[in-house]
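Engineer: We have chain F already, so just place chain V on it with the hints.
Protein chains: 2
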Amino acid sequence: MKSTQSFEEKSITSRAEDYNQWYLDIIEVADLAEHAPVKGCMIIKPYGYALWEKTQRILDDAFKKTGVQNAYFPLFIPERLLKREEAHVEGFAPEVAMVTHAGGKKLEEPLVVRPTSETIMYDVFSKWIRSHRDLPLLINQWANVVRWEMRTKLFLRTTEFLWQEGHTVHATYEEADERARMMLDIYRDFAENYMAIPVIPGQKSESEKFAGAHATYTCEAMMQDGKALQFATSHNLGQNFAKVFDVTFLDEQSTKQYGWQTSWGLSTRTIGGLIMTHSDDKGLVLPPKIASIQVVIIPIVPKEWDAELVGEETRALAENLRNIGLSVHVDKRDIRPGEKFYEWEKKGVPVRIEIGPKDIAANTVVVARRDTSEKKVFPLTNIAEEISVLLDTIQVDMLMRAKAYREEKTVSVDTWDAFVEKIEAGNFVLAHWSGDAKVEAEIKELTGATIRCVPFEQPEEEGVCIKSGKASHKRVVFAKSY
Amino acid sequence: MKSTQSFEEKSITSRAEDYNQWYLDIIEVADLAEHAPVKGCMIIKPYGYALWEKTQRILDDAFKKTGVQNAYFPLFIPERLLKREEAHVEGFAPEVAMVTHAGGKKLEEPLVVRPTSETIMYDVFSKWIRSHRDLPLLINQWANVVRWEMRTKLFLRTTEFLWQEGHTVHATYEEADERARMMLDIYRDFAENYMAIPVIPGQKSESEKFAGAHATYTCEAMMQDGKALQFATSHNLGQNFAKVFDVTFLDEQSTKQYGWQTSWGLSTRTIGGLIMTHSDDKGLVLPPKIASIQVVIIPIVPKEWDAELVGEETRALAENLRNIGLSVHVDKRDIRPGEKFYEWEKKGVPVRIEIGPKDIAANTVVVARRDTSEKKVFPLTNIAEEISVLLDTIQVDMLMRAKAYREEKTVSVDTWDAFVEKIEAGNFVLAHWSGDAKVEAEIKELTGATIRCVPFEQPEEEGVCIKSGKASHKRVVFAKSY
Numbered sequence: 001m002k003s004t005q006s007f008e009e010k011s012i013t014s015r016a017e018d019y020n021q022w023y024l025d026i027i028e029v030a031d032l033a034e035h036a037p038v039k040g041c042m043i044i045k046p047y048g049y050a051l052w053e054k055t056q057r058i059l060d061d062a063f064k065k066t067g068v069q070n071a072y073f074p075l076f077i078p079e080r081l082l083k084r085e086e087a088h089v090e091g092f093a094p095e096v097a098m099v100t101h102a103g104g105k106k107l108e109e110p111l112v113v114r115p116t117s118e119t120i121m122y123d124v125f126s127k128w129i130r131s132h133r134d135l136p137l138l139i140n141q142w143a144n145v146v147r148w149e150m151r152t153k154l155f156l157r158t159t160e161f162l163w164q165e166g167h168t169v170h171a172t173y174e175e176a177d178e179r180a181r182m183m184l185d186i187y188r189d190f191a192e193n194y195m196a197i198p199v200i201p202g203q204k205s206e207s208e209k210f211a212g213a214h215a216t217y218t219c220e221a222m223m224q225d226g227k228a229l230q231f232a233t234s235h236n237l238g239q240n241f242a243k244v245f246d247v248t249f250l251d252e253q254s255t256k257q258y259g260w261q262t263s264w265g266l267s268t269r270t271i272g273g274l275i276m277t278h279s280d281d282k283g284l285v286l287p288p289k290i291a292s293i294q295v296v297i298i299p300i301v302p303k304e305w306d307a308e309l310v311g312e313e314t315r316a317l318a319e320n321l322r323n324i325g326l327s328v329h330v331d332k333r334d335i336r337p338g339e340k341f342y343e344w345e346k347k348g349v350p351v352r353i354e355i356g357p358k359d360i361a362a363n364t365v366v367v368a369r370r371d372t373s374e375k376k377v378f379p380l381t382n383i384a385e386e387i388s389v390l391l392d393t394i395q396v397d398m399l400m401r402a403k404a405y406r407e408e409k410t411v412s413v414d415t416w417d418a419f420v421e422k423i424e425a426g427n428f429v430l431a432h433w434s435g436d437a438k439v440e441a442e443i444k445e446l447t448g449a450t451i452r453c454v455p456f457e458q459p460e461e462e463g464v465c466i467k468s469g470k471a472s473h474k475r476v477v478f479a480k481s482y
Numbered sequence: 001m002k003s004t005q006s007f008e009e010k011s012i013t014s015r016a017e018d019y020n021q022w023y024l025d026i027i028e029v030a031d032l033a034e035h036a037p038v039k040g041c042m043i044i045k046p047y048g049y050a051l052w053e054k055t056q057r058i059l060d061d062a063f064k065k066t067g068v069q070n071a072y073f074p075l076f077i078p079e080r081l082l083k084r085e086e087a088h089v090e091g092f093a094p095e096v097a098m099v100t101h102a103g104g105k106k107l108e109e110p111l112v113v114r115p116t117s118e119t120i121m122y123d124v125f126s127k128w129i130r131s132h133r134d135l136p137l138l139i140n141q142w143a144n145v146v147r148w149e150m151r152t153k154l155f156l157r158t159t160e161f162l163w164q165e166g167h168t169v170h171a172t173y174e175e176a177d178e179r180a181r182m183m184l185d186i187y188r189d190f191a192e193n194y195m196a197i198p199v200i201p202g203q204k205s206e207s208e209k210f211a212g213a214h215a216t217y218t219c220e221a222m223m224q225d226g227k228a229l230q231f232a233t234s235h236n237l238g239q240n241f242a243k244v245f246d247v248t249f250l251d252e253q254s255t256k257q258y259g260w261q262t263s264w265g266l267s268t269r270t271i272g273g274l275i276m277t278h279s280d281d282k283g284l285v286l287p288p289k290i291a292s293i294q295v296v297i298i299p300i301v302p303k304e305w306d307a308e309l310v311g312e313e314t315r316a317l318a319e320n321l322r323n324i325g326l327s328v329h330v331d332k333r334d335i336r337p338g339e340k341f342y343e344w345e346k347k348g349v350p351v352r353i354e355i356g357p358k359d360i361a362a363n364t365v366v367v368a369r370r371d372t373s374e375k376k377v378f379p380l381t382n383i384a385e386e387i388s389v390l391l392d393t394i395q396v397d398m399l400m401r402a403k404a405y406r407e408e409k410t411v412s413v414d415t416w417d418a419f420v421e422k423i424e425a426g427n428f429v430l431a432h433w434s435g436d437a438k439v440e441a442e443i444k445e446l447t448g449a450t451i452r453c454v455p456f457e458q459p460e461e462e463g464v465c466i467k468s469g470k471a472s473h474k475r476v477v478f479a480k481s482y
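As given, the protein sequences belong to chains F and V, one line each in that order.
Just so we're aligned, residue 1 is where the first sequence starts under this note's numbering, counting upward by one.
Just so we're aligned, residue 1 is where the second sequence starts under this note's numbering, counting upward by one.
Mixed in with the good hints there might be a few duds.
Any copy will do: because identical chains look the same in the list, a pair fits if it lies in one copy or spans two.
[As the list claims (entries may be wrong)] In silico lysine-lysine, DSBU-like type, Cα no more than 30 Å apart, as pairs: (1) K467 / K54; (2) K403 / K282; (3) K375 / K303; (4) K227 / K54; (5) K64 / K289; (6) K39 / K65; (7) K376 / K106; (8) K340 / K127; (9) K243 / K332; (10) K480 / K303; (11) K209 / K438; (12) K303 / K340; (13) K340 / K64; (14) K54 / K64; (15) K332 / K256; (16) K10 / K467; (17) K83 / K39; (18) K83 / K106.
Since the hints were derived computationally from the structure, they do not count as laboratory data.
Keep in mind that this is a model prediction, so the values were computed, not measured.
Okay, chain F solo, but in the shape it has when bound (with noise of 0.2 Å):
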């Protein structure tokens, strides 16, 4: 299949050329998103929102069949309740927004808009959870925050980002550290089977832990550049926020204990991971499960006599396809075939299907896949079960290519100079490490690398930290990272 260039769109920078330019390349010709008037902030146009809008029905099902209820907390965050909980204001007050003026007055204390919203709900969670019949208490909200970033970049890291935040408190530590895992978890299908992007579950080192957490798991992801890109993270909160915050619950016993807790989230920077693990220089791809167009007919006409019969099958055809499920756009602009594809082809539609007069004599179509540009003639009979097929295949070899793209990109080393190497090259490294921040600051310091996380599935194995030479039982992921 031959782009044709000819039409007054924007080009796409190559990768090879300029990953940066290409990565904002595919958002501008696929139509995702766009720079807001407001510094750092961003528009998502409705080609993206609709990306989010399939991501948030994914999850909020699988949340959902997990026993967590939806809710809403404020925006707006009392600065004093921020405050309270020490690492955590650490990590936040140098990023947030305050609203010092409103109603035409100064106010009395400024309102800090959220980050993120540890600290007022659990402010309310103490005054809700009384007994131990009142647990776990499972809570999820759909919300914006705002986190006032230096450098921003459509979708990986914007002032304003949408996301999801959980918010679970338990009984017992071991309660706690199973939902964290367990959340972690759908993240990790969600990533897998439906973003096809493959990820590696693990802990983060306690640097690069979240602000207040007894300990982070995450997802990291390789982008096509090599570096990470953390997909998202659960947090075991451990009673750090409960003894602040006096969540607390009375016990079998009556006795008054703290209770444990945890909180998880995923933002539309996934959005951006998904962009930059599947597409080409050509444009967009996406993954049919997560794809809002599944599926876009080109009637094919070349003389208007054609037109009618072109019509009738282009119609029995979407209806077919749509009667088991497939989401299906016709394009039925006046305007050149070699236009359509054109522009499909950078929106990442899976598949492509051309219908024209010799193709119905023939009963067949053309199927063109957006993720091998492969073009192959499929008969008509059965095509809504053989379009469904090649879904299904399209899903799956999506996330086996990103699988095999990372699995070429990550090495394991033992020598300082080979671990520079690697991490200037734009690889995933598992290398030993002792677990002593000072040597961890160091190596980011002199690489750029930071440990992406310890994954759960590394094999214990005995050596010595790459930098420092101590005695190390585990290898853990270093890369640079979004």
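Structural biologist: Below, chain V alone, put in the same frame as chain F:
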């Protein structure tokens, strides 16, 4: 059915005693929402938020059927943008919240937390639209907005609230006006056929219209105290904003034209209207189509040896009802049935089913309607279909009851004394008014009543203004309002 008042529960103030306190009590006992630590803000609790989720799902589907697409625009609006449309800024400036500091620094230009998004959207629309082929542009967003209100009340008027705001651009006045009316009709349909709230669709007077609009269409509902609640509004914006924000397009003759715009919104305040339309002195009453739990099943286990039998039959019954798409909750808690009846009554679940060993022996169940408190024995044969029919009946009955109540409290008057008396007594008053804004203001000053709307379906009728005696061709709806 007798309420057991012996539990340590908050009792509900009766409507007759204190209508305002009754409303707040219902919200508390039904666990819908509560005040946040930030003045004027609200925490929407899971049982209350579920009503908003249902609202979102129903309206979102209805919008999308008319071609509307969702998008997301930033929370923050640069002050200069808000100030561009004169009437608009006058309407909103007194109630905006301002971000003046962020990231530890004073901002060069203060940011307004969106009270509504006309200004930021239209600034962007002016770049999106080039030609008549880009029209109509049909955008909606689900978002939080902030208006600094002096006197707040849960759901009805809160500093931050949740809503959807639709914004469209068209090539002609007629098409824009048709769209504004179409969206109002979606709100009317939602009010009447889902929330069972009868509404009067009509047009706002010049004084009551939206700041910056050409015409505002509204759906007005009557609460049980006879006051009006503006359920939702839809604005024909004419070219007012288009001229200020340069929303232009090239028509088929390649001549530059200003776009014709609409905006329309519905907020969490409708949940306040839902509560106030149907609830009674025993608690919340929910119409089946908006209830998150439509049927609650209470297993009655008088002796321990009944547990297995009752458990099995309860499971079968619940599955039976869920199979036809009903939302069912089985209350298996180890507390007395009376306590459960009382709780679900307060929470407004439309249908309660009691099932015990005697019922099972007789192949029946006891079914109680929340709206009428009626209790009946139903045969277990065909129970799912019977319950489904009962829910439909309840849905229709609730609308009819609310409609009858409104009609009883709606009067036509032709003298000023009668007008004052009927307004004072909490009625919707149909009276002649000549269209003079000064007289409208005088009437408001003297009685507290405003013109809720000029109903679309009010017949032409010659008369004289109730206050000024000037000639009038139509009656309008006067009432006190929320």
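Engineer: All the hints need checking, so say for each whether the structure fits it.
Structural biologist: Hints, one by one, checked against the model:
1. K467 / K54: Classified as neither; 44 Å inside a copy, 56 Å across copies.
2. K403 / K282: within (21 Å within a copy, 59 Å between copies)
3. K375 / K303: Answer is within; shortest intra-copy Cα gap is 24 Å, inter-copy 70 Å.
4. K227 / K54: Cα proximity of K227 and K54: one copy only (26 Å, versus 41 Å across).
5. K64 / K289: Intra 20 Å, inter 20 Å, cutoff 30 Å: intra and inter.
6. K39 / K65: Close neither inside one copy (39 Å) nor across copies (35 Å); limit 30 Å.
7. K376 / K106: For K376 and K106, neither the intra-copy (67 Å) nor the inter-copy (60 Å) Cα distance is at most 30 Å.
8. K340 / K127: For K340 and K127, the Cα distance is within 30 Å only across copies (23 Å; inside one copy 58 Å).
9. K243 / K332: Answer is neither: 62 Å inside a copy and 33 Å across each miss the 30 Å cutoff.
10. K480 / K303: neither (55 Å within a copy, 65 Å between copies)
11. K209 / K438: within (15 Å within a copy, 64 Å between copies)
12. K303 / K340: within (18 Å within a copy, 71 Å between copies)
13. K340 / K64: between (40 Å within a copy, 24 Å between copies)
14. K54 / K64: both (16 Å within a copy, 15 Å between copies)
15. K332 / K256: For K332 and K256, only the inter-copy Cα distance (27 Å) is at most 30 Å; the intra-copy one is 67 Å.
16. K10 / K467: neither (46 Å within a copy, 64 Å between copies)
17. K83 / K39: So K83 and K39 pass the 30 Å test inside a copy (27 Å) and across (18 Å) alike.
18. K83 / K106: Result: close both inside a copy and across copies, 21 Å intra and 20 Å inter.
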